[in-house]
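Take a look at the letters that make up each chain.
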Amino acid sequence: MNGILNDQTLIYEQIAQLIEDGILNGEYGEDGQVPSTNELAHVFGINPATAAKGINRLVEEGLLYKKRGIGMFVADGAEKALRKKRREAFVSEEIKKILREAKKLGLTKEELLTLLAKQADEEGMQ
Amino acid sequence: MNTIDTKNAVLCAAGVSKSYGKQEVLKKLDLNIQPGCIYGLIGRNGAGKTTLLGILTGQNTKDSGEVRYGGETVWENRNALQHICFSRELTPNTASGQNALRVKDYLRAAEIFYPKWDKAYAEQLLEKFGLPKADRKKAIAKLSKGQMSMVTITIALASGAPVTILDEPVAGLDVVARELFYRLLLDDYTKTNRTFIISTHIIEEAAKVFERVVILDEGRIVKDEPTEELVGRFAYLSGANEALDAAMAAAGVTALETQLLGRHKMVAVELSGAQRAQLAAADGISVEPMNLQNVFVALCGHGDAQR
Chain A
1 MNGILNDQTL IYEQIAQLIE DGILNGEYGE DGQVPSTNEL AHVFGINPAT AAKGINRLVE
61 EGLLYKKRGI GMFVADGAEK ALRKKRREAF VSEEIKKILR EAKKLGLTKE ELLTLLAKQA
121 DEEGMQ
Chain B
1 MNTIDTKNAV LCAAGVSKSY GKQEVLKKLD LNIQPGCIYG LIGRNGAGKT TLLGILTGQN
61 TKDSGEVRYG GETVWENRNA LQHICFSREL TPNTASGQNA LRVKDYLRAA EIFYPKWDKA
121 YAEQLLEKFG LPKADRKKAI AKLSKGQMSM VTITIALASG APVTILDEPV AGLDVVAREL
181 FYRLLLDDYT KTNRTFIIST HIIEEAAKVF ERVVILDEGR IVKDEPTEEL VGRFAYLSGA
241 NEALDAAMAA AGVTALETQL LGRHKMVAVE LSGAQRAQLA AADGISVEPM NLQNVFVALC
301 GHGDAQR
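In order, the protein sequences belong to chains A and B. Under our numbering, the first residue of the first sequence is numbered 1, with each subsequent residue one higher. Under our numbering, the first residue of the second sequence is numbered 1, with each subsequent residue one higher.
Extracted from the complex, chain A is given alone in its bound form:
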């Protein structure tokens, strides 16, 4: 897990996001253990209740499960579920943002698609 917290996004959201990122990039594999509430609180200097809220969000979404007395673990199928969720969020948030900005700049649909394709080629995207 890496990354530090900013002060413009709710902290529990950032904690949940950090662990989600760790699951997506394979740092925490299925049935792998994620950091405990107290570890997160200590490392980031945040209230343990806030760290717990972030973890609980992932439990509620079925991405983590609890082994009593041991800790929190990544659920089966968590990576796949997460990828689906993040793709949906990518459309509803990031792509919409790009479209808004493109409209503001007076780009046509054609021009935007050309720009996207060109940039994707430059970055070697398949």
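The set of hints was computed from the structure by calculation and includes no laboratory data. Check the hints yourself; a few may be wrong.
Okay, derived cross-link-like pairs now, DSS-like style, lysine-lysine, Cα gap no bigger than 30 angstroms in a straight line [what the hints assert, rightly or not]:
#1 B:K128 with B:K116
#2 B:K191 with A:K67
#3 A:K96 with B:K265
Based on the hints, put chain B in the right spot on chain A.
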């Protein structure tokens, strides 16, 4: 509202009022402190923070109302008071002249008063803060402002009191020592799960440590809730003047603060999740998050920051 909730709360104030001469400092205030929680108490200078903390801990008199710890009245109740530590800001001067008490006198007094005093822990803390042994023989008046804060913090943490209150603990500390304090506080809290109430003016760096925040404004409690729930309900909106007014009217939100920049308008608002979504979808309106400091200014600034 004048009921005492002794079922869940550990420390309760009900209908507390206090005036100094003609000036009404606290106005029929109710507060229920939940156990096992770190509270942040924030308010502007003169909002009544120190007066409130003094009354909660039986150190100040009140004109009316009641304060109870675990169902027992706090005033002149030794049994209740030894469970509540209010580590006040130390000052170089007291009512009777220079503060000639030495650091070790303060530590000794705390040891006598608090049944759960942890002497070894106090030693460790002073060591971590870099207060050398030689300085403990010094009179309080001879300490630097930072060293006074360190003594205050050491007494609060080592008191082991189930309710521990710190008034402006970081006021004299540099940024490194402030970080150290918050870390020590969290480590202590993780181990003991006791209740802390901390007042501070340095809001943003403390926000992530507070589970709940109590905002005191002009003698009244205007907010008392989980920090992130509070912060999550506020936002800055911006957009062209007329478009923003129309979008706000449609969503039914009102401005707490407004700034105009030509035809562009920026406002601070409190809003529900549904209102936020509605405004975020509106054309030409941007919705930006706030932090606790922004929320505090929007609620308690009364427009002073824009004057």
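Structure-based check of all given hints:
For the hint linking B:K128 to B:K116, the alpha-carbon distance of about 21 angstroms falls within 30 angstroms, and the restraint holds. Simply put, B:K191 and A:K67 have alpha-carbon atoms about 21 angstroms apart, close enough for the 30 angstroms limit, and the pair holds. Distance hint between A:K96 and B:K265 is fulfilled; the C-alpha atoms sit about 23 angstroms from each other, no more than 30 angstroms.
When each numbered hint is compared with the structure, no violation occurs for any of them.
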